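Q: Taken in sequence, the protein lines are chains A and B. Quick note: the first sequence, position 20, residue 20 per this note's numbering, numbers continuous. Quick note: the second sequence, position 34, residue 1034 per this note's numbering, numbers continuous.
No lab work stands behind these hints: they were computed from the structure. Predicted model only: the values in this text are computed from it and were never measured. Where is the CB? At the ideal position from N, CA and C, for every residue including glycine. There are no misleading hints in this set.
Among the chain A residues that face chain B by a calculated CB cut under 10 angstroms, a handful are:
hint, residue
1, His134
2, Gly138
3, Gln187
4, Pro189
5, Val190
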Amino acid sequence: MTTAAHTNSDTSQDDVHQRLGTLTRQLHDSLNGLGLTDKVKNWAGEIPDAKSRLTYIARLTGEAAEKVLNSVDQAKVHHDHIATETRRIGALIVKDPVAAVAKGHVMNFITDVEESSKEIDKNLTDIMMAQDFHDLTGQVISKVVALAANIESQLLQLLVITAPTDAVAKPAPVPVDTKPVSEPVLQGPVVNPEGNPDVVTGQSEVDDLLASLGF
Amino acid sequence: MANELKFLVVDDFSTMRRIVRNLLKESGFPECDEAEDGAVALHKLRNASFDFVVSDINMPNMNGFELLKEIKADEKLKHIPVLMVTAEARKEDIVLAAQSGAAGYIVKPFTKAVLEDKVNLILTKLGLK
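Could you build the full structure based on these sequences and the hints that come with them?
A: Below, the structure written as structure tokens:
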């Protein structure tokens, strides 16, 4: 490499550093001037919240899948039992119908089927109840989406404000709205109830609270 | 008598409406209609006869608290018991629901036994069972 090339490269690097420095200073000044420093700190605080919420979704969907598979396994055991017993009683009836009834095989079979059917019905109810994750995760997903939209909107505004003055087709700056895009008053599912005295962790606590109020 | 009672299930998630309806049916309450938010529920309540409302809180258009207030402020509807079934677990929400006239409060996720127990308790208190 020639000396001239070295000189050109050094000049170019100096130029890049200078531009980066200018941009950083502009960004810092803009953030301070617009009172956005605190907002950026808030965004940084919202990311762990979003992570907790996504972890909650992963946990709930995982638990729901486990519940469903366990209930299906149990229902299949009862179903297999009914199938086996049906074949056995069928064979007994074919062999000696009178003895099958007289010796109580048929009655035992009916009782057996009734009990297994009850268990299968319970398994089906458990499978249905496991679907409640859709409601709970749906509410949490809506919050994460609103949070992402809020950060995106604020970042876009920041980008517009801090764009270099010679940028091509610079859009008109949009006034920075310091309010979140949407912040519902209601909180939805509590993803981290442990150690939070303001929330209940189960139905028994709800009942105790209402009882203490005389309800 | 109890199995002739007509329920209105209010929730913005169709999955939850279906779950509650099925549970009520299993518990001996087959007469059940549903609404996806408070506004639709209020319209149905004012245009048909219902004996019991099971309502979520966090819903669009009109939330469960607003629906509860509307029901309790309406001379023709205020006798209908409203059971809140919600993911809102803040104590202040539970207290607010009770003070606004809710007949009961269930936090999600819940079990079939809890729903059955609360519904029966409310019906017994009101002499409907």
